[in-house]
Each structure stands twice: as structure tokens, then as C-alpha cells.
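A.B. asks: Protein chains in written order, with the numbering used here: chain A, 1 to 481; chain B, 1 to 497.
No lab work stands behind these hints, which were simulated from the structure alone. Quick caveat: nothing in here was measured; it's all calculated off a predicted structure. We put the beta carbon where it would ideally sit given N, CA and C, even for glycine. Keep in mind that a hint or two might mislead.
[To be verified] With the C-beta cut set under 10 angstroms, the calculated list includes, among others, these residues of chain A facing chain B:
id : residue
1  : P214
2  : E344
3  : R390
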Amino acid sequence: MSSFGVFEMESQRQIIERLRAAFQSGVTAPLQFRLTQLKSLLSLLEDNEPQILEALQKDLAKPKFEAVLSEIDMVVNDLCYTINSLPTWIQPSYVGKNLATKLDDCFVRREPLGVVLIIGAWNYPLQLILAPLIGAIAAGNCAILKPSEISRATERLLAQLIPKYLSQECFAVICGGAEETKSLLENRFDHIFYTGSQAVARSILQAAAVHLTPVTLELGGKCPCLIYGRLDMLAAAKRLVWSKFFNAGQSCVAPDYVLCTPEMREELLPAIAKALSIFYGSQPKQSEDFSRIVTDRHWDRLMALLGKTQGRVVMGGEGSKEDKYFAPTVVVDLDGSDALMQEEIFGPIMPILTIESLEQGITFINQREKPLALYVFSDESQVVNMVLERTSSGGFCSNDGIVHMTLPGLPFGGVGASGMGSYHGRWTFETFSHRRGCMLRGWGLERISMLRYPPYTESNLSWLRWATSAKKKSWGVCSVM
Amino acid sequence: MEKQAVDGARRAFNSGRSRPLQYRKQQLSALLRLIRERQAEIVSALKRDISRSEFDTPIFELIGIENDIKLAERNLADWMAPQPVKKTLLTITDDVYIKAEPLGVVLIIGAWNYPWSLTLRPLVGAIAAGNAAVVKPSEVSKSSASLLKELLPQYLDTEMYPVVTGGVPETQELLKQRFDHIFYTGNSTVGKLVMEAAARHLAPVTLELGGKSPCYIDKDCDIAVACRRITWGKFANCGQTCIAPDYILCHPNIQHRVIEEIRQTLLEFYGEDPKTSPDYGRIINQHHFDRLLALIEGCTVAVGGESDKSQCYITPTILKDVLPHARIMQEEIFGPVLPIVTAGDVNEVIRFINERPKPLALYVFSSNKKVVRRMLNETTSGGVLVNDVMVHYTINALPFGGVGNSGVGRYHGKHTFDQLSHHRACLIKSLAMERLNMARYPPMTPSRLRTSMFFLRSRSGSCDQALRAWAVVSSLLALALLISLLVVLLRDSNIAA
Numbered sequence: 001m002s003s004f005g006v007f008e009m010e011s012q013r014q015i016i017e018r019l020r021a022a023f024q025s026g027v028t029a030p031l032q033f034r035l036t037q038l039k040s041l042l043s044l045l046e047d048n049e050p051q052i053l054e055a056l057q058k059d060l061a062k063p064k065f066e067a068v069l070s071e072i073d074m075v076v077n078d079l080c081y082t083i084n085s086l087p088t089w090i091q092p093s094y095v096g097k098n099l100a101t102k103l104d105d106c107f108v109r110r111e112p113l114g115v116v117l118i119i120g121a122w123n124y125p126l127q128l129i130l131a132p133l134i135g136a137i138a139a140g141n142c143a144i145l146k147p148s149e150i151s152r153a154t155e156r157l158l159a160q161l162i163p164k165y166l167s168q169e170c171f172a173v174i175c176g177g178a179e180e181t182k183s184l185l186e187n188r189f190d191h192i193f194y195t196g197s198q199a200v201a202r203s204i205l206q207a208a209a210v211h212l213t214p215v216t217l218e219l220g221g222k223c224p225c226l227i228y229g230r231l232d233m234l235a236a237a238k239r240l241v242w243s244k245f246f247n248a249g250q251s252c253v254a255p256d257y258v259l260c261t262p263e264m265r266e267e268l269l270p271a272i273a274k275a276l277s278i279f280y281g282s283q284p285k286q287s288e289d290f291s292r293i294v295t296d297r298h299w300d301r302l303m304a305l306l307g308k309t310q311g312r313v314v315m316g317g318e319g320s321k322e323d324k325y326f327a328p329t330v331v332v333d334l335d336g337s338d339a340l341m342q343e344e345i346f347g348p349i350m351p352i353l354t355i356e357s358l359e360q361g362i363t364f365i366n367q368r369e370k371p372l373a374l375y376v377f378s379d380e381s382q383v384v385n386m387v388l389e390r391t392s393s394g395g396f397c398s399n400d401g402i403v404h405m406t407l408p409g410l411p412f413g414g415v416g417a418s419g420m421g422s423y424h425g426r427w428t429f430e431t432f433s434h435r436r437g438c439m440l441r442g443w444g445l446e447r448i449s450m451l452r453y454p455p456y457t458e459s460n461l462s463w464l465r466w467a468t469s470a471k472k473k474s475w476g477v478c479s480v481m
Numbered sequence: 001m002e003k004q005a006v007d008g009a010r011r012a013f014n015s016g017r018s019r020p021l022q023y024r025k026q027q028l029s030a031l032l033r034l035i036r037e038r039q040a041e042i043v044s045a046l047k048r049d050i051s052r053s054e055f056d057t058p059i060f061e062l063i064g065i066e067n068d069i070k071l072a073e074r075n076l077a078d079w080m081a082p083q084p085v086k087k088t089l090l091t092i093t094d095d096v097y098i099k100a101e102p103l104g105v106v107l108i109i110g111a112w113n114y115p116w117s118l119t120l121r122p123l124v125g126a127i128a129a130g131n132a133a134v135v136k137p138s139e140v141s142k143s144s145a146s147l148l149k150e151l152l153p154q155y156l157d158t159e160m161y162p163v164v165t166g167g168v169p170e171t172q173e174l175l176k177q178r179f180d181h182i183f184y185t186g187n188s189t190v191g192k193l194v195m196e197a198a199a200r201h202l203a204p205v206t207l208e209l210g211g212k213s214p215c216y217i218d219k220d221c222d223i224a225v226a227c228r229r230i231t232w233g234k235f236a237n238c239g240q241t242c243i244a245p246d247y248i249l250c251h252p253n254i255q256h257r258v259i260e261e262i263r264q265t266l267l268e269f270y271g272e273d274p275k276t277s278p279d280y281g282r283i284i285n286q287h288h289f290d291r292l293l294a295l296i297e298g299c300t301v302a303v304g305g306e307s308d309k310s311q312c313y314i315t316p317t318i319l320k321d322v323l324p325h326a327r328i329m330q331e332e333i334f335g336p337v338l339p340i341v342t343a344g345d346v347n348e349v350i351r352f353i354n355e356r357p358k359p360l361a362l363y364v365f366s367s368n369k370k371v372v373r374r375m376l377n378e379t380t381s382g383g384v385l386v387n388d389v390m391v392h393y394t395i396n397a398l399p400f401g402g403v404g405n406s407g408v409g410r411y412h413g414k415h416t417f418d419q420l421s422h423h424r425a426c427l428i429k430s431l432a433m434e435r436l437n438m439a440r441y442p443p444m445t446p447s448r449l450r451t452s453m454f455f456l457r458s459r460s461g462s463c464d465q466a467l468r469a470w471a472v473v474s475s476l477l478a479l480a481l482l483i484s485l486l487v488v489l490l491r492d493s494n495i496a497a
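Extracted from the complex, chain B is given alone in its bound form (with noise of 0.2 angstroms):
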């Protein structure tokens, strides 16, 4: 069944109907159109999987998802127009550019978090950059991944751009087909495996992994708007975000007042008791609610603690005091668990960072400017944003990826079209001016090697001392005419006068 869609994939993008401007706008405008006609369902199906929201579901899945459709229509044609590149002498008279073209067929494996969104955006890019693609929704988020199944053929071309549902067995026969490239989102196990089946047929993959995105908050900040913006950040999808702050670093004098301030917000966003508010939400099943509380344990609880198992659900929950080596601190924890980790001054929290592996988004809260630039220039990560979390991921300008194990390429906007696309070099050239090129042929004479470096050889600046001796003599020069042309011009019109 796998084999059959890809096999039917591949044939559709072997007719070459993808590739006309035309129809990816028309399969473009189809998608958006699904995200609109169908959000009541859309809604509803996440409601189910992880008990969204009805309110959270258009602002971080399908806001992002048109965002990318809207800008590809508008400026697909330039996109897929050459792009000309800087010449050199001897190729003056050629075109020189770089050509976006498709790759073929794209394989695009979704994830349960943001099932809609962790799927169409890739689609949207491999769409745009006229490949065929195959769909493998997260299984997890069952009731997506079946509405996905359901909708996609009433508004894309079914041949081109296949839905294949299933679990682990079904994804491992897609693995073993060959595709022009593999858009995988998910965590480093898998991501790694993927990148293994990848290479058995040398495909490229873009990997959007996740890790523990650290987030620190700087004595010298506007303390309680940040606690705001990280409770938002952390608790909405009840933490089940991949560029969720995983845990906080604070100095240890300013960690009762981050706690404080925390409690204090949850309490204006979910209430007394986050169980009856219609703005919280569940965790995705009993594997990942277990593993959350098994990471809990032994642990220091300043708020929360309390779960149902019958309902998946765990109280948003901060720890204090955690100890680098605790299990909480091994892994990345998706869901509503908040450690403190305190650390004395900057030095200790850049070391604390760079110790463990690159994450997928760094956060910093700070006023003081000088602390900001160190913590741009002394860490790296896939994202960084200062005094806010996850925002920047709606700036579809910014590519979108991790560094290191939290991942490979990048994504959003342009950046998917061009991590889908393949940029070929281009040099047209006529067979004229035959008698330039003869200095490149042997028998080979010490003139013709220099002509030949003459023409070939960079004609950047610092390497070239006479060129540059050239260029100040003629502006000199070109200076001095204008002189004595404005002298004259003057002159006469004094004699006039």
C-alpha cells in the first residue's frame, strides 16, 4: 500500500504536471481553502487528540499554515525565476543564475503535537517548489491523522500528494522506498533512524528535532511580564511544544519571586483549578502522562503536583531547586513540569548550556544589553528570542530549525521552498568568441597561462593591488574633469552675466 502511493506519486511528478506556476497556485489556493472551509472539524479532531483548545488551534496551527500559503502565491513567481550571479571576465557576455527546480518526490512524516501544522507547512514548501509529496500524519493524533486522510483528496490532486496513514510498521515501509528527500519532525531516536534510512538511497533530510530549550532569567529584567510570557509559552498545549521553555535558570535569590509570579498567572489564566478551565489541556496518552510523572519524581514541587490519570491530566507544576543530574533534566519533557535550576551569574549559566547539547530554541529575559550579546555570541542554538518565548516561530521570515541534535535544515516561509527545491547552476554560453578561449587550450606556452590567469582570476580588491591603484587613479581623474568642467561652466556663465 505504501509503495503503491509512492510509486503513483512518483509517476504524477514524472508527468511534470507539478511543475507549471500555474497549478502549484491552484493547489496552493485548494489547501488554504481546506484550512478555512474546515476548521470546525479541524478543531474539533485536535479537541479529541489532545483536548485543544478551540480558541489555541487557529493561532498556533492554522495561522502559520495560511501566513505560508499567502506568501508563496504572491511571490512564487519570482521564486521559480533564475536568479543571476556575479560573472567573470571571460563569462561577461554569458547568463550566469541559479535555477530553483523540484526535487521529485518529498516525503513529509508529521508529528502528534501540531499534527496540522507540523504537516501542511512542509507541504505548502514542497507544493511550491512543484514536487509530488507523500503525507504520513503522526498516528498518535488518530483523529487528525484519519481527517487528514479524509480531506486532503476532496481539494489536492490525489495522485500527486497521497495521505498514508499508520503506525511504526507502515512508516518503516515508507522508509525503505525511495524519496528525493525526507522532511521529518519529531524527536532525535527516530530522527536518527530516519536519517539512516535516508542514506541507503543518498537522500537529503531536514530534521526538526527538539531538546531542552533553556530559559533564563536575568536579575536585571522586568520579572513578572517575563513569568507571564513564559507561564503562556510553557503551559499552552499543556507544554507539548517542541520550542516550549523547557526548564528555567535563575540566579537562586530571584527563584521565590519567579515562582511567585508564575503561580500568580497560572491562577489568571486557568483559574483556581486548571481541571475545569476550557483553556487547558491534556497530555496526547497514558505513555507520555506516565513518563511525566516518573520525571517528577523526586523532585522538589513548589506548585502543583496533582494529576488524573482517567483524564491525562497533570497540573501545571514547577520544581525548585533541581539538580543538573536529576532524570528531569536528562531529557526533553514536553508537557506542563517547569524545573528551576539556579545558577549563580552568567559565566555559570552560558557553561550550563554549552555543556549539553545545542537546543532547538534558546530564551533570554534580560534589560541589560551586555548580558544579551553574551548570550548571543557565547551559545548557539536553532532559534534564540529575548524577553519572550516562542514567538519568533510566527515571523515566517526567520528559517525555522535546530543545530547539532536538534536538527538538521530549516523551514517557513521561503526557507521551506528552498530547502525542497534544488538550486541549480546555470552557465549559457554561445560557442563565439572562440578566440578568448584559446589561451585554456595546449600546447600550453607561459603567455597563455598568464592570459588565461588574467582572465579567470577574482577580481576582488586586496589581492589585486594595481587594479585598485587603477581605480583611485580614475576616480582622481574622473574628480579633476568635473572640476574643470564646473570651472568652465562658471566661468562662462559669469562671462554671460
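Bound-form chain A, shown alone (with noise of 0.2 angstroms):
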């Protein structure tokens, strides 16, 4: 399936040529084109809000409470604090100037770097997909949108969509599964966007690593959620329960598993089964807050993994596969060797381990790989702080769980296993940006610039090692060059 729209005949290496042609044109470069692409971008979000919602009820039975908050809005808020931004972020920053630069001017221009390559994830797909390309078009790149085809429906929307609001010069849309996307990473490109899973990852950066690409990877892993020491149980659990339950447990920062004391366990299970009660009644599967399993495929592998684990399922555990409905589950009783351990679960099961101490909570969690998000939930400062000293993950959050990837300050991002690079509000523009350092100076001061040419004299040297070499002064460190 190629894009829609005018071109829609063409190979993925005739869009790639077009649009890469349209960047060295340099049509992209301006900051009233960028302005305007992204003015239309939220133009295309306010205008089809009903068959965005449509979209995303059809892929995910998202309720219309998640999808306008977790997708329209946050791509929405990102957009604005993006177009009132801009106007500064392209400003060149100036560096330290000192006494034989004084003369000079030394800055770094943010540059675009040209066409890149933007791939999306089934779970959250509008907001995965959009949001990279706010910063790409902010940055006045070209950009390639490879939405994913599990979420079908979002798929074909965007797929017809983009091309009314954005220029089709300068942004495409390819679809396509696995092949696809395959032969489109044989293509150069001058970054790419992926978020997904590991396993794929690392055929991206193989792939990148022929053309010399810089990558941004979100990926995931699995989150750990550490309850420990003096805490409001009940507040504590609903915002465990609404961030594990959220998209049916399908986001990459839900908090994956559980680790408490044995005596905390007996407080948590009743506040959990209070949460969830009050979230979504009796039955879940009534309730129209509560999202299902994006695919029949992904159904099964979490009906497996609850078959294999050794744990003992005391919420839950039931579903339907012809509505995919999968229903809040919380397992207990199993350690680090579980089925469920092996893998980040993605799913609406939450595996609650016993640990003795904070210090075995922390063990376990260094032993593992670095997690894309970390939580704690205490009231005890010394315990958060000890954990976030002692531990490391892409982000951090103390006594809630996901919204600290809400907050357009904060950079979005893996580290190790769960990924590389960091996007949201500034950081997506700085993701598809090059940094140039420049600098600009005059013909004048050449006596002093003679100081470095040969015949090299020892009395030379000396004045230039005195010139070069950082002085502390009074007010700070000075280099004089």
C-alpha cells in the first residue's frame, strides 16, 4: 500500500527522492513555512477530532476520556507550547566570549538536518507518530511517516489526513508491514524516529549504521513499581491502578510489576481491588473506561503468559477473545524466574513480588535491565531518594505513575535497553536538529595570530600557552585565544 494523495503511484524511493529535493530547495527552511505546516498540523487535530476518536475506538476501543487526553491533547499542548517556541528555539545561541575573541563571534546554530524517517507504535498511535513530527518540522526537516499497520484504522486516517493538511512536497506518509518497512530502511536518511520494541531496534540500527544515521529509540522494558515505607495506601493504589490499567496496560511507562513487603501486600491487594472497583464497577468489561487488546495475536500472548506463570491470579484473569477483552489482573506469590518476569508484560496483568528490605527491591531492580520509567510510592523522602540515588531509568517518577511524560520540560526517553535519545516539547526539536558550532572572525589581531605560525620559538610558545590556557579569574574560567 503506497501513500495516498497526488503521488499515489510512487515508489518508496521516488518519495524519498521528492522529498529530498524539496529539502535541498530549502522550502523547509523558513520559519513562517514551519510555522505554517505546524498551524495545519493542529488544524488537522481540531477539525477531525470525531474520526480521530472514531479511529482510535475502532484499534484500541479507546475510551474517548484516554484518547482525548493521552493522544488528541498531548500532541495538541505539544503543538502550542512548539509554535510559540519556535521563534526562539532557531535563535543562534552565543558561547562565552573571552578577551582575544572579544572580536570574534562564537555561536551554535540549530540546523535542520534533512529527510528523516519517522516510524510509529500501534499503542498510542497518533500521539507516537505525531509528536516526533512536531520536532521534525520545527526543525525544517522533511519527514517520512511510517504509522503503524497493527492500528489500522489510525493508519489509513492519518494516511489520508496528512496529505490534506501538510505540504505533500515535504512529508509523506508510506504504510506497509514489515517488508515495507524493511526495503525503506535500505534507503538513507538523515535520522530516524523509532518506537517499538528491542528486538526490532536493533535491526533499525544496524540498518542506520550503514549510512552513519543518528537514531532516537523509544523502546520499553519493564517498569518497576516499588511500594515501601509510610504511605496513604489507598491514594497510592489508585494512581498504581490508573497508570497499569490505562490503554488496557498497553503503554510503554505503565508500571510493569510491583515489589513490596509481604505486610504492605496485605494492605495493597484490598485498596487495588477498592481502585479498580470504583474505576471501572464490577465488571469491567461494562465499563466504557475500560480499553481492550489491540490484536487477536496480542490477546493470546497474554492469555500464554498467564497460563505459564507459577504465581496465583487473585483479580482477574479472565477475558474474551472475540472483543478482545482482557480483564484487570493482578498475580501474586511468584518470583524473578516467572514467565511473567521474562518479558515486558504490555498487557492489564500485574505481577506483585515480595521482597524482605529496599535494599533486595533495589538489588532486583539493578540486576535488570535499565527500565524506560521508574516508580516509587512513599511518603518517606529518604526512601525515594535512595531509590532514585541507587537505581537507574530513562525517567523517574515518585507517588504517581506515567504523567511525568506529560510535562513538556522533561525529556522522554530510554537509557541502555530502553532506548536512546530523548524527545517532547524543546528536546524533540534538539532530536532533529544539528547543533553547528560557528564561528566568525575578523583579519584584525593578526600580530597576535603570528604568535602560532612557524619557525616555532620557545618565546612563542610561551606567550600562546599563556594566551590558550583556561586562567581562573575572579568571575569564572577564561580562555584566551
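Hey, can you piece these two chains together into the complex? The hints should help.
C.D. replies: Okay, structure coming up:
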């Protein structure tokens, strides 16, 4: 399936060449063009909200509330923030001038990279492809969007709407599955932005290596949630349940598993049950606010995991394949070697593992790959600080889940196996820009320059060393050259 | 052996001792002492490796390392401190900040042309960021590699910063191990292999590569000064610098003048016979010597062209009227050979540059602001320097790195610290204020949705007309109040008077 619109029968290569020619013509560089495209993207969202909600409902049975908050509004916020800040962001940033460069200009310019590729994911099919696009446009690039073929309705909607609102010379949607993605990756891009799984990420990095293309990888992993010390259990349970079962657990930053002491577990379980019943009622299947699993295949995977666990199912556990409903499920009495602890769950199954001490919990977390997010619930600040200091993760949030990624000032990204690079707000703009160091010199002060020319002499060298080494002055360190 | 070094470094990192500020500063100051106390030995090693003049070494290699260390020592506490960021209404009582954290074990692969700077400057950043590092100096600069292997353990924590020497097999063995970041300086062919190896472990990389750095001389410039600066940059270290001006682009009418100016400058710098000048270097080895001679073949030599295989000596050489498709224009020269390609006007120059891979550095010599602006706006490169060559490298506040084929990532000064850190997004909340949170929980009602949106919506200007209107109204009110206050005060003072 090729992209819709005027250039319907183009091959991937032709699309990329067309975009590259547009980029080279300089059309995406002016601020006005970038702002116009961004405002158009805003209109796309404002004009088509019902259609977007419908597509998300078809793909994931996404409740309107979740769809508005986590998909449409997140992108709208980012767009507004970017549109307002872009005139500032594209200004060159001047760096410290010193004694001899007082006559020179030293600054950093943000420049576009060229033609970038953005590969989306199916769990937040709108947000995960449009949020990177905002930064790509803001930074002055052309972009190819490759939405996930698994969230089919959103894929089709994007393929239809993007050419209507954005410049077709500069932005294209390419649809398809694994085969199409593989052939797309044989081409050279100036940046590849991928959201998805670690396995696919490796092959993307390898394809990128051929062309020395920089990449941003937003992956996942198992996000631990440590509950320890003194705390308001019901408040914690509500936030835990909200973040875990939002989008039926299909969020890269959902708390994957819980670690707490056996005593706390006794308090936690009824609190979780209460939160679940407040949120979704006694029959979550009837609740309009609870999502579904994206495909049969994913539903089967989750059922199989549940089948393999050595733990005990204390809540939920049932599901129905016809509508891909999977009940909010809690499993206890399992350990680190359990089937549920080998891969990212990405579904509404919450394993609760017990620990004897905070130290044990921290060790357990550190024995595993660095996660995308790490959560701690505790009213004791020393508990929070200890976990923060002794672990690493993409992001960290205490006493809540997921919400840290809604803050425009925070970079969102992983570390180690959970990813590389980051975005959101200004960070997306930086991701898709090249920071070019610039120095503008004059013709004067050639007498000073002459110190550096051969034939070399000891005295010239001493002067030059004095002039070029950093000095401690009362107001800071300065280097003279 | 390689695996042992990496495992040892990981054990050392996991012990946590590289994290405290005190440790990092201690290691950095030890590194500074190494450079200062052992300078004479470093200079000798470089003389043996690449016939580097003893005057070039401090300026080109050591001062950069020293400056980076001093900058880190002075600012590290600030760099390590949490950086607060913008909040939303919903998080107004929370702590929101970014915290720089170590990555773990970093692999640093150095290059042979500036074996100390290109290995130790990344190490400075690795130490400052709290990482362990495996240092792999280039085997091509043999004396420097073995001296580094001997000296580093005498000053730094051996387990945390092991030096691994060796050639291709040892490097390949190293690349099979898992690292948290790989920092490579060298050519793009090996750069691709490094990136591919890193892909297996999903390790991020910094690749400082090269390419052909164009040098454009506009008709409207001080040609004499331009040529002197270009000569200095091109022939220092015998042209073996990643940011050396690779080739010249100029109008055919000034080609002759450019050649004469450079010829004259070469005489001033190195005398009649550069072979006898202590300030002129040699090609690193036979392989590169042969490579360079092959590149010169078929071109028109305007200056130089002589060589002496026994010394790996190639005299400073200028080639004129070089054609764009000549062999010498297809690869990075990395030697004392300067081709001049003629171009009719700025449009042609810009087109020429843009048709080729993005370079590490771009040099423009012009007094014409319009020309400079066009070159800046219509081309891209790792860095750009107007009216001089190479010295942008000395400003450690400027990020140093390539783009496209010339590299991935950037470093120098604080940029190295940033490159080798993980910037962790942190949101510290409390369990209080739960009433505010209630709006986001199911079951959902339109009013709850409205409340949530109010709190989460970005508070920036043009998308929120109501807020803007309120800002204007409140400012007018405040102004009115101020005026009234002034009127009252004045009236009172009048009455008093």
C-alpha cells in the first residue's frame, strides 16, 4: 500500500527522492513555512476530532477520555508549546566570549538534518507518530511517516489526512508492514526515529549504521514500581491502578510489576480491589472506560503468559477473545524467574512480588535492564531518594505513574536497553536539529595570530600557552586565544 | 584480556565509587598532573610517532585536555546538580527536574593523528560524568599507545580506567563486549563497523569522523592573511588533522594569487627545504605515504610534489585546476597536499559543497557579509569557521562534532559530560492533593474531562485566547491602580506642601 494523495503510484524511493529535492530547495528552512505547517497540523487535529476518536475506538476500543487526554491533547499541547517557542529556539545561542575573541562571534546554530523517518507504534498510534513530527517540522526537516500497520484504522486516517493538511512536497505517509519497513530502511535518511520493541530496534540500528544515520529509539522494558515505607495506601493504589490499567496496560511507561513487603501486600490488595471497583465497576467488561487488547495475537500472548505463570491469580484472569477483552488481573506469589518476569507484559496483568527490604528491592531492579520508567510510592523522602540515587532509568516518578511524560520541560526517553535519545517539547526540536558550532573571525589581530606560525620559538610558545590556557579569574574561568 | 579489562571496569563501576563528586575531581586532577609532569615524555613519543614538532604538541594536544579538565573541576558540582524545569498547573507543588547520571562503562577508541587529545578529552568527560572507561589508543601511533598504557595506571584508578592496546583483532574483541556508550574517533568505514557492533547491545555511540572540509576563498577578502592562515592549518601535523582545510574553492581569476601567497608563506614557515625544518612533520607510515602519492598522480602540481620514501616525507604540495571527479577529490586527503578547484561564483560553490557528503568543518574567507550569510544558511557542516581555520576547535563552549557522514554526537567542555551522561527526567510528587487527581480517574464524565483538560493544557499564549485577554486586562488594572496611587501621593504631598 503506497501513500495516498496525488502521488499515488510512487515507489518508496521516488517519494524519498522527491522529499530530498524539496529539502534541498530550501523550502522547509524559513520560520514562516515551519509555523504554517505546524498550525496546519493543529487544524488537522481540531477539524477531525470525531474521526480520530472513532479510529482509536476501532483500533483499541480506546475510551474517549483516554483518547482525548493521552492522544489528542498531548499532541495539541506540544504543538502550541512549539509554535510559541519556535521563534526563540531557532535563534543562534551565543557562547562565552573571552579576551581575544571579543572581536569574534562564537555561536551555535540549530540546522535541519534533511529527510527524516518516523516509525510509529500501535499503542498510542496518533501521539507516537505526531509528537516526533512536531519537532521534525519545527527543526526544518522533511519527514516520512510510517505508522504502525497494527493500528489499522489510525494508519488509514493518517494516510488520508496528512496529505490534506501538510505540504505534499515535504511530508509523506508510507504504509505497510515488516517487508515495507525493511525496504524503507535500505534508503539513507538523516535521522530515524523509532518507537517500538528492542528486537526491531536492533535491526533498525544496524540498517542505520550502513549510512551512519543517527537514531532515536523509544523502546520499553519492565518498569518497576516499588511500594515501601509509610504511605496513604488507597491514594497510592488509585494512582497505581490508573497508570497500570490505562489503555489496558498497553503503555511503554505503565508500571510493569510491583515490589513490596508481604505486610504491605496485605494492605495493597484490598486497596487495588477498591480502586478497580471505583474505576471500572464490578464488571470491567461493561465499563466504557476500560480498553481492549489491540489484536488477537497480542491477546493470545497475554493469555499464554498467564497460563505459564507459577503465581496465583487473585483478581481478574478472565477474558474474551471475540472482543479482545482482558480483565484487570493481579498475580501474586511469584519470583524473578517467573514467565511474567521475562518480558515486558504490555497488558492488564499486574504481578506483585514481595521483598524483605528496600535494599533487596533495589538489588532486584539493578540486576535487570535499565527500564524506561521507575516508580516509587512512599511518603518517606529518604526512601524515594535512596531509590533515585541507587538506580537508573529513562525517567523517574515518585507517588504517581505515567504523568512525568506529560510535562513539556522533561525529556522523554530511555537509557540502555530502554532506548537512546529523548523528545517532547524542546527536546524533539533538538533531536531533529544539528547543532553547528560557528566562529566568525575578523582580519585584525593578525599580530596575535602570528604567534602560532612557524618557525616556532620558545618565546612564542610561552606567549601562546599563556594566551590559550584557561585561567581562573574571580568571576570564572576564561580562555584567551 | 580485553574481556577481563571490561569486566573489571564494570565491577569497579558497580561498586559505586566513581559517582561521588570528590572521586571524580580527584581523578581529573590526577590526569592533569599526568599531562603536566610527563610532558617531556609525551613530546618524545609524538616525535617518534609522527615527527611532531615539540612546539605543536602543547598547543594542539595538551592545552585542550588541560582546559577541559579545569572547566570540569570548576563546574562539576553545578553540572551534577538537578536542573529544574517548567511545570504545569497540576504539578505546581511537585519537584520537576532533570538529573545527569553516569551511563556505566564507556569504550573510548582513539586515533593516531592526535593520540593524546583524541583519547584523553573523551576520558575527561567520561570521568566527569561518573563512568568507568576502557581506553583503547590507536596502535598506529605506537609510542604514544605504549606510553599511555604505562602512564595512566600510575595516576588513575587502574580498575576503573584500564588501557587496552592492540590492533584490529583486539579492537574487534573489545567491540563484542557490552558497553553503555562507545566513543570512536577515526574514519567512516570503521565508524560504520563500530555502530553496527554497538547495535547488537543497543549501545549509543559518538562517532568523530572526517571527510573533506572545504575551504572557500572569496574574491572579496584579505587574500594574504587568508592564505597565511590556511597554510598554517593545512600543513600543521603534516596535514593529518580531521579539520584541516582539505581543498580550496576559489574563482579562477584569483587562483594564481592564492598559489603565490601560499608559496610565499611556506617559505616563511618552513624555509627553502621543509625537510630540514624542525617544524615540519612526516607522514605517519608507509601505507599513508603511498596512498598520498597515488592521489597526487595525474594532477597538475603548482608547488612541491617531491617526496622521500625513506623518511615518509612529502613536501608541502599545491595542486591547481583540479577537476571535481579527480581521485583526490573522492576521499579525505589527510596529508600535506592542497588541491585547488575553481568555481565561478558563490552559487556554484554552494552547489558543489551540497552535492557532497556533509563535512566536519567548513571554512569561508570573505569580507562580504552577504556571502558569509549565504554560506551559513545554505550549507551545513559539523562546524563552520569564517576567516580562519581550525581555531574553533579551541573554544570548548562550542560543540565539536560532525553531521551526516562526518559523524554522530558532539563533545568538548561540558558537551562531553552531557554526551556521556544520561539525563534522567524526575518528577517527585507526594500522595497528598488527591482531590486534584480525582478528575483523571474513571468513571468518566464530561465535566471530569473538562477539569482534567484545564489542568493539563499547556499555558502558552496564542492557543489560549482567554488567558491572553486576562493578562491584558489585569495589566491595565494594575496600571490604573498605580496611576491612582501616584495621583493620591502627589495630591497628599501638595497638600503637605
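A.B. asks: Indicate, hint by hint, whether the structure satisfies it.
C.D. replies: Going through the hints against the structure:
Interface hint at A/P214: satisfied, since its Cβ lies 5 angstroms from the closest Cβ of chain B, which is below the 10 angstroms cut-off. For the restraint placing A/E344 at the interface with chain B, the shortest Cβ-Cβ distance is roughly 14 angstroms, beyond the 10 angstroms limit, so the hint is violated. Given hint, A/R390 at the interface with chain B, holds; its Cβ is 8 angstroms from that chain's nearest Cβ, closer than 10 angstroms.
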